[in-house]
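Enquirer: Start from chain P and add chain C according to the hints.
2 protein chains.
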Amino acid sequence: MNAGSLPRSVALIGAGGFFGTNLALYLSPQIEDVRCFGLSQSFPDAMRAIRWTSGDIASSSLVEVLAGCDTVIHLASTSVPGTDLEISKDAEANLMTSLHLFDRCVDCGVRQVIFISSGGTVYGPSSRVPIAESAPTQPITPYGLVKLTIERYLEVYARLRGLDYRIVRISNLYGPYQNIIKMQGVVTSFLAKALRNEALEIWGNGSIVRDYVYVEDAVEAMVAVMRYQGAKRIFNIGSGVGTSVNQIVASIEKLLERKLKVKYRLGRAVDVPVNILDCTLARNELGWHAKTGFLTGLEKTKYWLSMQNIICRGPSFIR
Amino acid sequence: MNAGSLPRSVALIGAGGFFGTNLALYLSPQIEDVRCFGLSQSFPDAMRAIRWTSGDIASSSLVEVLAGCDTVIHLASTSVPGTDLEISKDAEANLMTSLHLFDRCVDCGVRQVIFISSGGTVYGPSSRVPIAESAPTQPITPYGLVKLTIERYLEVYARLRGLDYRIVRISNLYGPYQNIIKMQGVVTSFLAKALRNEALEIWGNGSIVRDYVYVEDAVEAMVAVMRYQGAKRIFNIGSGVGTSVNQIVASIEKLLERKLKVKYRLGRAVDVPVNILDCTLARNELGWHAKTGFLTGLEKTKYWLSMQNIICRGPSFIR
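Taken in order, these protein sequences are the chains called P and C.
Sequential numbering from 11 applies to the first sequence in this note's numbering.
Sequential numbering from 11 applies to the second sequence in this note's numbering.
Don't read these hints as lab results, they were simulated from the structure.
Don't take each hint at face value.
Where chains are identical, the list cannot tell them apart; a pair therefore holds if satisfied intra-copy or between any two copies.
[To be verified] Straight-line Cα separation of at most 20 Å, EDC-like style, residue types lysine to aspartate or glutamate; simulated pairs: (1) K203 with D66; (2) K312 with E42; (3) K312 with D227; (4) K242 with D174; (5) K99 with D117; (6) K271 with E96.
From a predicted model like this one, the values you see are computed outputs, not experimental measurements.
In isolation and in its complexed conformation, chain P is listed as follows:
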């Protein structure tokens, strides 16, 4: 372990979403200068006390956010609309904007970029689980390929422009501030539906296995990465445990102490059948591991959903 102090100033780019909201709320009491930047906020009420600048990465307000900033956490990710994804538009919206962000980081003298990558997609289907950082990277989706390409451009920026970086390959996050309206994340959306006594829809036979990590655990991993002084650049951050969709349902049933209604639909072929991350490197180098068991994480998420339900009064929010 090579732990230093936290950075003096941090900018969160793409801070209005699920992970950004959690990070902003956790870091703000600990770091004096936390600046949040993004297109919009999913939970403006929660972010009221946070220093916030609205804009996209091409806008001049980005430079104001980056000026004099020590560490940048790059969380921005855009979903290109349309049922049939336009691959080149996705690259323009996600890859090119990332490179523009890195250009501005170089211009503004930012010391380090921490990039939130995707442990669930950059490795692709070929690796044996659990997957270590050294495994081959063979993404099969535009999303995974964009994440991997951004990672590789960070290496080039480090080499040619002296921009320090870390890459955090997070598995499937769940927990508070996940956007239920957009049905982000199977764990939180299933839990929300179960609380409303709605039937759950499962695509395929429910055997697809993912590594679900509770968002607070991932936030703590980010703090460890910010403090880290060692030589490793890429970290898997996950629970290290595989959970099938059917096991999620069983766990929610256990938590709520009742049977749930489940409808099975024909599966989508693009899904990787199993993804579980090997997080040994994070344990050894960062002194971090996921502490929250799945049932505990579910219970905390249920509590948050209930609070939201009370605050929002009725079903308009949890949808």
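Expert: What follows is chain C alone, placed relative to chain P:
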């Protein structure tokens, strides 16, 4: 070997440069419908009988070239001007234009794209030589990273859009139609300087080793790739022989039967020390191997340079 017939119609995109000119001149007598597209021609006199359309990939004239076309060979590559390369501009000029080309290929019903990648840069410095196609790809330059990223996007286009593809990772080409004015390629430019009795400048101690393949050999490899019916997607195309800069000088001295003047300059650190391709897969799958020995290739290049010199009368061309 799985050899079929040549495609009915071929479009060469970025056809005005060194390899494109060679390909166009070789393919035109064999394939009735060869369409060449590019920004400009390095050797317009040589290309007089070739069907040519000027334009960039964003222009509407591209669609006219691709319409009804069976196979597209993607050779286009843009050097972004400026001494200090802007990484994101390079990605915009080379990666994004490639994705736009692939979009148009999908729109126009093109069956197969053959992409000219870079055997000298996509592997990076970590691999042991000779390097097979299965070696890790760790490019350290923006040029190599763009080539690798285009390769990976082709996989995604094949999976999501049904666009068939092959990738040809060519080593260092030399031979006729290499642009001596731009000092493209150490072999041809050294030979041109030697013929003019000028001193050669070597950056470093001359120990850097590359795999130089004669351009006609690489053109024959492209024909074999176009005929290929098998399942492999990526082929190394090189001589399989390593030649140091000092060995190039020695070979030119042997060819010209005299000593050359050489000035050694302080070396550039970015260069990979050794690159030699393992071309066993091309031999087994395509029935291809590089036939032209280095001295023979030098002699043919010398002959071409002499002819150019006679045609162009004087030193203005060979510069």
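Enquirer: Hints first: check each against the structure and report whether it holds.
Expert: Right, here's what the structure says about each hint:
1. K203 with D66: Close neither inside one copy (33 Å) nor across copies (52 Å); limit 20 Å.
2. K312 with E42: neither (31 Å within a copy, 68 Å between copies)
3. K312 with D227: within (17 Å within a copy, 66 Å between copies)
4. K242 with D174: Cα proximity of K242 and D174: one copy only (11 Å, versus 38 Å across).
5. K99 with D117: Between copies only: 15 Å across, 26 Å inside.
6. K271 with E96: neither (36 Å within a copy, 55 Å between copies)
Violated hints, listed in ascending order, are 1, 2 and 6; each of the other numbered hints is respected by the structure.
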